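These protein sequence lines are chains R and U, in that order. Its first residue numbered 1, the first sequence is counted upward by one per residue in my numbering. Its first residue numbered 176, the second sequence is counted upward by one per residue in my numbering.
Among the hints, erroneous ones may be present.
Stated by the list, open to error - Restraint-style ranges between C-beta atoms, simulated for each label pair:
| no. | chain 1 | residue 1 | chain 2 | residue 2 | range |
| --- | --- | --- | --- | --- | --- |
| 1 | R | G70 | U | G549 | 39 to 45 Å |
| 2 | U | E546 | R | S150 | 25 to 31 Å |
| 3 | U | E607 | R | E151 | 53 to 59 Å |
Unchecked claim - On the chain R side, residues computed to face chain U include the following (Cβ under 8 Å):
| no. | residue |
| --- | --- |
| 4 | Q74 |
| 5 | A115 |
| 6 | S150 |
It should be emphasised that the hints constitute simulated quantities derived from the structure, not laboratory data. Note that the structure is a prediction, hence the values are computed from the model and not measured. All residues carry an ideal CB built from backbone N, CA and C; glycine is no exception.
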Amino acid sequence: MRNAVASVFLILLACGPARAESPRVLQPPVALQVRAELPPLADTTDLKFRDFFALPIGPRGLVPSQRLLGLAGQRVRVVGYMARQEQSSAGMLIVAPLPVVLGDEDESFSDDLPATALYVHLADADRDRSVPWMPGLLSFSGVLRLGAASEADGRMSFVRLELDPELSHAIAAAR
Amino acid sequence: MPSPLFRPLSGVCSLALALPMICAAAPSVSRLTPPSELFASNGSNGPVIARFLPGQRFDLQATVRLDAGATLAEFRFLVDGIDTRPAAGTTSVVTTGLTLPKDVNAAVVSQRAFSLKKPGVHTLTVNATQSDGQRVSATGNFEIVALERNGKPAKNIIILLGDGMGASQRTAARIMGRGYAQGKALSPLAMDTFPVTGMVMTSSLDGIVTDSSPGMSNYVTGNKSANNTEGVFPDDTADAFDNPRIEYLSEYLHRTQGKALGIVTTADVFDATPAAMAVHTSNRGYGTGIVDQFLDDRGLTGLTVLMGGGRKWFLPNGDKLKANGTLEGQPMNGSQRDARSDYELPSDVVAGWGAARGAKDAGRDLIKDFEGAGFAYAPDRAGLAAAASANKLLGLFSYSNMNVAFDKINKRRGASTIVDDYGFPDQPMLDEMAGAALNVLAKHKQGFIAMIEGASIDKQEHLMDTDRWLLEVLEFDRAVQVAKDFAAKHPDTIVIVTADHECSGASIIGASTKPITALQAATGTPGTAAQRDAIVGTYQASKFPKYAIAADGYPVSTDVDFKMLIGYGANSDRYETWLANPTPTQDSQQPFVGTAPLSGYPATPNVRNATTGFLITGQVPGDSAVHTATDVPLSAYGRGAAAFTGVMDNTDVFFKLAKIVGAR
Numbered sequence: 001m002r003n004a005v006a007s008v009f010l011i012l013l014a015c016g017p018a019r020a021e022s023p024r025v026l027q028p029p030v031a032l033q034v035r036a037e038l039p040p041l042a043d044t045t046d047l048k049f050r051d052f053f054a055l056p057i058g059p060r061g062l063v064p065s066q067r068l069l070g071l072a073g074q075r076v077r078v079v080g081y082m083a084r085q086e087q088s089s090a091g092m093l094i095v096a097p098l099p100v101v102l103g104d105e106d107e108s109f110s111d112d113l114p115a116t117a118l119y120v121h122l123a124d125a126d127r128d129r130s131v132p133w134m135p136g137l138l139s140f141s142g143v144l145r146l147g148a149a150s151e152a153d154g155r156m157s158f159v160r161l162e163l164d165p166e167l168s169h170a171i172a173a174a175r
Numbered sequence: 176m177p178s179p180l181f182r183p184l185s186g187v188c189s190l191a192l193a194l195p196m197i198c199a200a201a202p203s204v205s206r207l208t209p210p211s212e213l214f215a216s217n218g219s220n221g222p223v224i225a226r227f228l229p230g231q232r233f234d235l236q237a238t239v240r241l242d243a244g245a246t247l248a249e250f251r252f253l254v255d256g257i258d259t260r261p262a263a264g265t266t267s268v269v270t271t272g273l274t275l276p277k278d279v280n281a282a283v284v285s286q287r288a289f290s291l292k293k294p295g296v297h298t299l300t301v302n303a304t305q306s307d308g309q310r311v312s313a314t315g316n317f318e319i320v321a322l323e324r325n326g327k328p329a330k331n332i333i334i335l336l337g338d339g340m341g342a343s344q345r346t347a348a349r350i351m352g353r354g355y356a357q358g359k360a361l362s363p364l365a366m367d368t369f370p371v372t373g374m375v376m377t378s379s380l381d382g383i384v385t386d387s388s389p390g391m392s393n394y395v396t397g398n399k400s401a402n403n404t405e406g407v408f409p410d411d412t413a414d415a416f417d418n419p420r421i422e423y424l425s426e427y428l429h430r431t432q433g434k435a436l437g438i439v440t441t442a443d444v445f446d447a448t449p450a451a452m453a454v455h456t457s458n459r460g461y462g463t464g465i466v467d468q469f470l471d472d473r474g475l476t477g478l479t480v481l482m483g484g485g486r487k488w489f490l491p492n493g494d495k496l497k498a499n500g501t502l503e504g505q506p507m508n509g510s511q512r513d514a515r516s517d518y519e520l521p522s523d524v525v526a527g528w529g530a531a532r533g534a535k536d537a538g539r540d541l542i543k544d545f546e547g548a549g550f551a552y553a554p555d556r557a558g559l560a561a562a563a564s565a566n567k568l569l570g571l572f573s574y575s576n577m578n579v580a581f582d583k584i585n586k587r588r589g590a591s592t593i594v595d596d597y598g599f600p601d602q603p604m605l606d607e608m609a610g611a612a613l614n615v616l617a618k619h620k621q622g623f624i625a626m627i628e629g630a631s632i633d634k635q636e637h638l639m640d641t642d643r644w645l646l647e648v649l650e651f652d653r654a655v656q657v658a659k660d661f662a663a664k665h666p667d668t669i670v671i672v673t674a675d676h677e678c679s680g681a682s683i684i685g686a687s688t689k690p691i692t693a694l695q696a697a698t699g700t701p702g703t704a705a706q707r708d709a710i711v712g713t714y715q716a717s718k719f720p721k722y723a724i725a726a727d728g729y730p731v732s733t734d735v736d737f738k739m740l741i742g743y744g745a746n747s748d749r750y751e752t753w754l755a756n757p758t759p760t761q762d763s764q765q766p767f768v769g770t771a772p773l774s775g776y777p778a779t780p781n782v783r784n785a786t787t788g789f790l791i792t793g794q795v796p797g798d799s800a801v802h803t804a805t806d807v808p809l810s811a812y813g814r815g816a817a818a819f820t821g822v823m824d825n826t827d828v829f830f831k832l833a834k835i836v837g838a839r
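Looking at chain U on its own, in the form it has when it is part of the complex (with noise of 0.2 Å):
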């Protein structure tokens, strides 16, 4: 994969190849970390990339490329012209396992866990001499970003990140939500009523759109990190687990602070954006390690609260390989465990920043280590309820994401039972866990920082579900709401609304015009005349649509007359019928025998509606919709709030939370 702000070989030795008589060879620096555009362009100054917090920790690593057959002599690296000198371990050279072509000869060189508390920008510098005496020098540059005293800090900070959630999508949800008449809303959502709201700008390192990994990471570390990478910058080397490392949020307060970190998300636990809080790694497929990290680093990171999905992860696997391919002592329970998703760090890492070397041990059972460190385990919803008086809490609710909100509260109100077929009938709702959780963070007397992600908006936006990201907007929105009232009662605590990035491109084209028998009898008749023409109303025809909610809070039915109708963006090609995609039957043996409410959907349910929709063109290949560059909104409620306005980059974010909570 091409690593961004690594600089081409210089333009004397490049001709070697062609006039190997005439330019005498010489090592030369690829990269240099942290990234700099004072590097990257050769002596362009341009933005400033890397920033950090005084006393924050980050590790410098550059990329010695040295003539056919030699070695590497030495290296130093200098800020501000003056020796680092590294502490003893704490440095590396690495020249196997590497991801240059095979035609290179070349050193990784190390030094972790530096800091520098000097506000202002310095300069980095690396020197290398190669074994024939042969010296090479590349300078960058970066950040320590000086903090003025705030007045009264926070004491904890709750991030929710809606992901993929952008304005669109928080507008969808109101009209869906609370309803709207005469052009007003009749009641705000929970995230509208915070006091001040700006905008982020999303891009990650290496493109202007985001996926899930920097989309958290930047926010909580400081810094754009590369697609798919979670706390680390990019490097040259194949392990994903040796990268240069930036100290997180949570890692920096628990070393300075003594903060405790919560994660609680619907997804996986091991997915990007809980991972992106603690792990760092420039795989974010790498389960086995990931969640490994959670624990083994938990001395770091301060972690009292996990939560989600994601069991397979935790369960113990076989060890050795049979003959027949299946793995010994593997007591087939579904254990996603696997070596080459698992961590070992190298040394210099380990010494470097005190991390936790790990194993790779597939065998590992995760579950009875997180409770011999002292988390209580919930594996329910009954379970959360039991563990109210925890000091440390690990919930694992499902094998992998978490079931829907749309099909967790179709369960509760006995209309559905997807959640059955998965075999988790028993799973809690977002607000439930947010509650669990800051019930038990609450009890830490220096304060905390937790995370709780609506994971799956983006995951259902990216399948364009209409009905099913709405609602977890919804189910998102109540988790906010409990994260307010705990701040009303705490009032040292920030609380900040957030999204990694907008997901889909998703517009509120309208509403349609006809009511839901029209919609569901066009489907005999799939095409744009029956189902775009005579139905899509925009402008003073989509008027206001009418959601009845119900006592649990959510709408009895997506599928109302002239219900909102939404269009994607950044679709790929899909069938659209717009209504709610039809609940499978309940037994898949016996799709012919459906009972009531099952019985009004179709027998044999069409993913897609390839046959019962009409075909929009998507902007993309494939078969799902995908993130966007636009900016999102941020909204702020609590203690210094008030710095969350106007358009901000994420890395800005979290130097403000820092500010607020009085870091130094």
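One chain only, chain R, in its complex shape (with noise of 0.2 Å):
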């Protein structure tokens, strides 16, 4: 019996103490985690942040490549980091080059978002799903978009990737 009680005892040290998770923080799902370099993806060409515009920025705006434009319509994938924002909108993502943290509710958009934020469109099936906040750097393949459009958020994007609907229905399905 004593030897029952600190079994119990060590797996339950193991575990280590209870870890709260924030419900807006979700797992994602094993297709999008970048753990390793990745392998080429059938059909799809590896798109860089810092290959859609001209870096640096010039004196005045964004200037798109002509990497970026030859791109439009086709299959690309992006590595990045999920924006993590107050509140989601519902059908999309924000994708940085980097990890930021969008302070909504006192910033509005005076924010710390790049330039070349991508904005990542769940597929339709999945429109009115909000994406909880993913951390870790993720991959996201799917069909390039370019022109500005006016987003659910109320930013205007640029750069917008229709998810791959296999990895859209993956987040919707995520826990």
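Work from the hints to combine the two standalone chains into their complex.
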């Protein structure tokens, strides 16, 4: 009996203290997680944030690169970090080249979002789902869309990704 | 959104819903502006809420609730029983686009740009007549503050605003930036050397806890504004730019003394604090209209310098929507201009204030328009230096907020490429911006009012990123030194250092009892035992943390042995490691190929340290720390500084500054 109690105690000790997770944090589906160099993806071009626009940004606005323009309507894969927002918008998430937190409540659009932010849109079947923040380096693949568009969060987007349906469904199904 | 200081419908006719056959309907007044306790409390005098300088302009407004099917036949405003006799075109009646319940029949009546010179408390009455002849009247009050002569007036005002910077933040920056020995600071911060310090109460019109909009607006209008609003009182219309205006200190001094206005910030220039020096709106988020109004109403404000981030609002956007949802003519330049957040003023505001009407013009090239108005444009630090001879200056150094001091300095040291990832590698520091701004403003013979903001003290406090907000305070203090040096050479200058509010409830709880390697090792066994009980030193165990300061004036590192530890009293849930939040890897597509100095950081940066820190449960929901209602210190230097002692309301500061520059 004493050994059983000790065993349970050791098991509990090994588990560590209970770690309360915010309900607004979603562990990303395995298919999105980046844990090592990614193998090539069939019929898909890897696109880096630094290839979106001419860097450094000149004295006026952004200048899209020929590489970006040439991939419009094509399948691409982009690796980055999901921006953490106070409130997520249905059917959409923002991905940035580095981790950012958008403190919407007291900031509005006076934020730390880089100009090269990518708006990822879920598939039509999942467009009503809000996506809680997913931590870590993530990989997104889908069809690249370009041009200014007004987003649900009130921002204008210029580079958008229509997420592959299987990835979109995986996010929608994740808990 | 509930509007403060409106009166619920009077008792007699609120029964009309239950007893329609007994109680006859009658019109009523549910809001009277400027706000007053006399009106809101139905007869109680209470403190006078609205105060103005002699001759300061402000709008009169009332919401008249009409009976169903009735219209408004007539209205008048009376001050002290005398008809205000508004000039032609300066009044309006608005019956549509109201934010009242749909079944409410109401008219919002306005008279624009009223002013009065006679000091004292005055009654404001609105008389309204309904189409069936029924009349209604309501009375409130306001005060015209008498200003005595104050000796030789100052010519220039410099307001240094550390956003979210309370007493704890100043103390912590002193410990880090100056050091202590045997209980004494080795040297003071620049703001510590100001000879006069008082305390400021910061509440807004609608809550004990303000946000940055009234946090700044209250200082420079002399009146309380509601959260999210700038330079206006609340109203019952949906239009964000037609609210009853209060003349800003900048507008008043430009109109009466010919002064120029300079606005310098490390935030996006549309943000609350810079906007609340010059722009009138009830929605701090309407970036397009806010930046347009900066330029369009420079004739009212004397705008001469505008610097910060936020270039995204100044770039032309497309105007027409195509079938696929993208915009016609949009050159994919990153513009966030949007007709939805733009402004077009009603005729009474234009006529009353002489304000620009504005237009919904997302396709506007605002940088080009600033240049056309004689502003030199600086897109980066090199451009700022090249514009040294300018008489007017526009600086837009980033797409949104400028990068924080921590990242800008590490770029200059070659230790980080974060500013490169943002695309703006050559951003000036706040003291460099302050120096450039004051050089331009000093050319203005009638003097100037300048506001210089350390914006990301607050923004990093919301994120509870201790190391980053500490460096923001140090950057801000270097700008304070620039302003003090200017005032020393120009003795007809008053300089104040203050804050709009405190943020996060930051407290200096002590210091680590272990060297930094122990804190780093503890991330491998996260929990209170390893990271709190074994590390946090309080009372005399806190000793005196030492930070080596580099030649650039900033700490060599914030991760030092026995480092200072900061707690938060207004925090959300967070995981604490006590370490500087790691810099992301250089290229997000190659996370496992790090080179020094980045190789010392985790390969997969963990925002908020969820797997490496111990949980501290927050007092507030969400992901961010919040503002507090704590009084903040205000320090003053220069001509008239002695006025800023004691505990004062933020609206009092407006009248003190006006007196110091000789307003009468």
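request  = Return the status of the interface hint for Q74 (chain R): holds when the least beta-carbon distance to chain U is below 8 Å, violated otherwise.
outcome  = violated, 16 Å
key: Pairwise beta carbon distance, G70 (chain R) to G549 (chain U), judged against the given window 39 to 45 Å   = holds, 41 Å
message = Quick check on the hint: A115 (chain R) CB to chain U CB, less than 8 Å?
response = holds, 4 Å
message = Just to be careful: measuring from the Cβ of S150 (chain R) to every Cβ in chain U, is the smallest value less than 8 Å?
response = holds, 7 Å
request  = Check the following: the C-beta atoms of E607 (chain U) and E151 (chain R) are separated by a distance inside 53 to 59 Å.
outcome  = violated, 35 Å
Range hint compliance [Cβ, E546 (chain U) to S150 (chain R), 25 to 31 Å] = Holds - the Cβ-Cβ distance for E546 (chain U) and S150 (chain R), about 28 Å, lies within 25 to 31 Å.
Of the hints listed earlier, those the structure fails to meet are numbers 3, 4, in rising order.
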